[in-house]
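Chains as they are written, first to last, in the working numbering: chain V, 280 to 602; chain U, 542 to 868.
Everything labelled a hint here was simulated from the structure, so no lab data went into it. Glycine included, C-beta positions come from ideal geometry on N, C-alpha and C. There's no promise every hint is true.
Stated by the list, open to error - Selected chain V positions facing chain U (Cβ under 7 Å, derived; list incomplete):
1) F434
2) S435
3) V443
4) A445
5) A449
6) L520
7) I532
8) A535
9) A536
10) F539
11) I562
12) T570
13) G574
14) V578
15) L582
What the hints assert, rightly or not - Listing some non-contacts, in silico: residues in chain V with all C-beta distances to chain U over 10 Å:
16) L455
17) R505
18) L595
As the list claims (entries may be wrong) - Calculated pairs, PhoX-like style, for lysine-lysine (alpha carbon to alpha carbon, straight line, at most 25 Å):
19) K769/U with K663/U
20) K317/V with K663/U
21) K670/U with K317/V
22) K772/U with K783/U
23) K783/U with K769/U
24) K773/U with K783/U
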Amino acid sequence: MTDSIVIDANINANVEAAPSRWQRIRQSNIWYNFTRDKVAMVSAAIFAVLFLAAMLAPLIAPTNPYDLSNVDIMDSEIAPSWSEEGEERFLLGTDAQGRDMFSTILYGARISIAIGFLAVMLQAFIGIVIGLIAGYRGGRVDNFLMRVADVQLSFSTMMVAIVVLAVFQASFGTELYSQLAMWMLILVIGIAEWPQYARTIRASVLAEKKKEYVEAARVMGFGPGRIMFRHILPNCLSPILVISTVQIANAIISEAALSFLGLGMPVSEPSLGSLISSGFEYIFSGSWWITVIPGAVLVALVLVINLLGDWLRDVLNPKIYKG
Amino acid sequence: MLLFLFRRLMQGLVVMFVISLISFSIQDNLGDPLREMVGQAVSEAERQQLRDELGLNDSFLTQYGRFITKAMQGDLGTSYFFKEPALDVILGKMPATLELVFAATLIIIFTSIPAGVYCAIKPNTLLTKAILGISILGISVPVFLTAIFSIYLFSIELGWLPSYGRGDELVPLLGGWETGFLTADGLKHLILPAVSLASIMLPLFIRLIRSEMVETLSTEYVKFAKAKGLKKARVYFLHALKNTMLPVITVGGVQIGTMVAYTILTETVFQWPGMGFLFLEAVNRVDTPLIVAYLIVVGGVFVVVNTLVDLIYGLINPTVKLAGGNA
Numbered sequence: 280m281t282d283s284i285v286i287d288a289n290i291n292a293n294v295e296a297a298p299s300r301w302q303r304i305r306q307s308n309i310w311y312n313f314t315r316d317k318v319a320m321v322s323a324a325i326f327a328v329l330f331l332a333a334m335l336a337p338l339i340a341p342t343n344p345y346d347l348s349n350v351d352i353m354d355s356e357i358a359p360s361w362s363e364e365g366e367e368r369f370l371l372g373t374d375a376q377g378r379d380m381f382s383t384i385l386y387g388a389r390i391s392i393a394i395g396f397l398a399v400m401l402q403a404f405i406g407i408v409i410g411l412i413a414g415y416r417g418g419r420v421d422n423f424l425m426r427v428a429d430v431q432l433s434f435s436t437m438m439v440a441i442v443v444l445a446v447f448q449a450s451f452g453t454e455l456y457s458q459l460a461m462w463m464l465i466l467v468i469g470i471a472e473w474p475q476y477a478r479t480i481r482a483s484v485l486a487e488k489k490k491e492y493v494e495a496a497r498v499m500g501f502g503p504g505r506i507m508f509r510h511i512l513p514n515c516l517s518p519i520l521v522i523s524t525v526q527i528a529n530a531i532i533s534e535a536a537l538s539f540l541g542l543g544m545p546v547s548e549p550s551l552g553s554l555i556s557s558g559f560e561y562i563f564s565g566s567w568w569i570t571v572i573p574g575a576v577l578v579a580l581v582l583v584i585n586l587l588g589d590w591l592r593d594v595l596n597p598k599i600y601k602g
Numbered sequence: 542m543l544l545f546l547f548r549r550l551m552q553g554l555v556v557m558f559v560i561s562l563i564s565f566s567i568q569d570n571l572g573d574p575l576r577e578m579v580g581q582a583v584s585e586a587e588r589q590q591l592r593d594e595l596g597l598n599d600s601f602l603t604q605y606g607r608f609i610t611k612a613m614q615g616d617l618g619t620s621y622f623f624k625e626p627a628l629d630v631i632l633g634k635m636p637a638t639l640e641l642v643f644a645a646t647l648i649i650i651f652t653s654i655p656a657g658v659y660c661a662i663k664p665n666t667l668l669t670k671a672i673l674g675i676s677i678l679g680i681s682v683p684v685f686l687t688a689i690f691s692i693y694l695f696s697i698e699l700g701w702l703p704s705y706g707r708g709d710e711l712v713p714l715l716g717g718w719e720t721g722f723l724t725a726d727g728l729k730h731l732i733l734p735a736v737s738l739a740s741i742m743l744p745l746f747i748r749l750i751r752s753e754m755v756e757t758l759s760t761e762y763v764k765f766a767k768a769k770g771l772k773k774a775r776v777y778f779l780h781a782l783k784n785t786m787l788p789v790i791t792v793g794g795v796q797i798g799t800m801v802a803y804t805i806l807t808e809t810v811f812q813w814p815g816m817g818f819l820f821l822e823a824v825n826r827v828d829t830p831l832i833v834a835y836l837i838v839v840g841g842v843f844v845v846v847n848t849l850v851d852l853i854y855g856l857i858n859p860t861v862k863l864a865g866g867n868a
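With the hints as constraints, model all of the structure from the sequences given.
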């Protein structure tokens with residue numbers, strides 16, 4: 280991706296002993312700012328804990344919620360262990376089917392995070408390619424692509440996602456749909472939000488392509504593909520990093536909302552959204568923990584990502600700092 | 542101005558055309574109309590004949606043409622479930638959704654403007670920090686969770702407000718529009734859904750108004766107005782706020798689509814008898830005509846509102862080049 284940096288590093292290595300990667304990180308601006316911002320440090324720590332716990336769910340979780348042989352219906356709706364009716368065995372209580380909430384939440388968070396990251400990777404891929412082409416080519420291609428982006432943006436993601444998933448669910452049937460749900464969610468959220476990336480990238484490309492190094496690359500006879508991806512793209516990365524955090528938070532929220540509507544992950548393989556959804560009917564009978572605890576985890580996850588995004592925006596681009 | 546209007550209308554028409562194409566292909570591919578009409582006992586030959594008579598074997602274009610012609614006349618098919626024209630079913634539910642959106646918009650306007658302006662004027666007070674802190678929390682809480690938490694707190698724990706529906710005391714207005722605005726019971730039912738719906742937009746608008754206001758306050762003309770000795774309130778709310786509202790209106794226009802989408806979520810949680818709830822039920826019942834009618838009605842509302850917002854923007858901001866070529 281960043282050839283030039285690699286070459287730089289090689290040159291440095293010849294002159295003096297190149298600083299190790301860790302040293303380079305420690306000397307960087309970002310690290311300096313990071314160690315002086317308590318909010319950012321706490322957010323990063325919470326995010327790391329949530330992320331690791333979710334990714335290592337199979338190792339940490341006391342039971343496997345997908346394995347029905349572990350589940351005893353007699354254990355259903357047990358309150359969290361700290362309340363009076365709670366039991367030692369189930370730290371966060373159990374849901375209506377008798378699954379351990381702690382394990383289910385870990386596995387659910389894993390699915391939510393996976394969908395969030397994969398969907399944003401897809402968005403970034405489509406958006407970067409289209410944005411680079413639109414910005415670099417300019418003219419009619421640019422006009423057309425940005426018009427398409429406008430139209431796509433004016434239909435909100437949720438609207439598009441709800442309609443598309445609803446139609447697919449209705450035509451596939453619930454059975455088949457629940458097997459494909461994860462990939463459908465990634466596809467839909469990924470495709471619906473590409474204009475965010477395309478616009479950001481296009482704006483940076485417009486500024487970058489007037490600079491001398493692009494001119495130089497052109498004179499050296501490099502093709503447009505190479506100039507776009509090897510020369511311009513590495514210089515447009517910081518805004519991408521900033522919107523990526525916001526986009527991941529949004530994607531996780533969208534996934535939860537869609538699952539809550541019953542258009543996302545099935546109850547047998549729940550994400551945080553479908554956990555909240557399946558607990559919602561029991562809130563009236565007093566079993567608040569089935570809904571509230573996964574809800575709190577979801578909010579915490581999204582909140583720390585948003586806070587990190589805010590911090591990153593301020594550090595990388597002090598000019599657009601607006602608060 | 543006319544050219545601009547024309548371009549906007551053309552864009553709206555293109556969008557409507559795309560929506561109609563999508564709706565039609567949904568109708569074409571979802572379910573078999575014959576199965577809805579006749580039972581299992583009809584022989585294959587009879588089915589074929591029926592297909593010919595109904596025009597189901599015609600080419601895609603012919604069928605699409607027929608669909609458009611009918612749609613123009615307001616005929617979007619008959620709902621399988623309600624056995625009534627789909628358009629009538631949708632329009633019957635529209636007042637509930639409109640009232641919800643209207644109430645939420647009122648809440649947004651009367652909360653975000655004072656809050657945003659306050660945060661800009663007094664950047665270092667505790668209240669400002671609290672407002673900004675809550676607003677980032679607000680962005681991170683999905684609307685259905687706001688709804689669920691508020692039901693849990695205000696309906697179940699405290700028992701102050703009803704948790705679902707619109708209540709029984711609706712007052713009929715003209716043309717079958719029943720409003721919940723005129724009775725205490727109706728308003729009580731409206732509070733939680735409207736606040737939940739407003740809660741997704743509020744943080745966004747507070748932050749936007751604040752940042753724009755901060756920028757405006759540092760401009761020369763505001764300093765000049767202050768130096769002239771004008772009352773502070775007059776400078777803030779008359780001089781500065783006016784210029785703050787431009788980007789707010791643009792963002793507001795873009796957010797309308799999001800708002801419509803989130804009515805589906807809010808209405809589902811509160812079982813609010815509006816279009817969004819109806820749409821989700823229609824999806825679960827595979828009630829194709831109703832799904833199509835919803836798409837076309839919502840798409841239409843959407844295009845009209847977007848065009849209006851653009852026009853208003855053009856009218857109040859003289860620097861926008863309405864007939865602009867390559868932007």
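- Message: Hints numbered earlier in the text: which of these fail when held up against the supplied structure?
- Response: 3, 6
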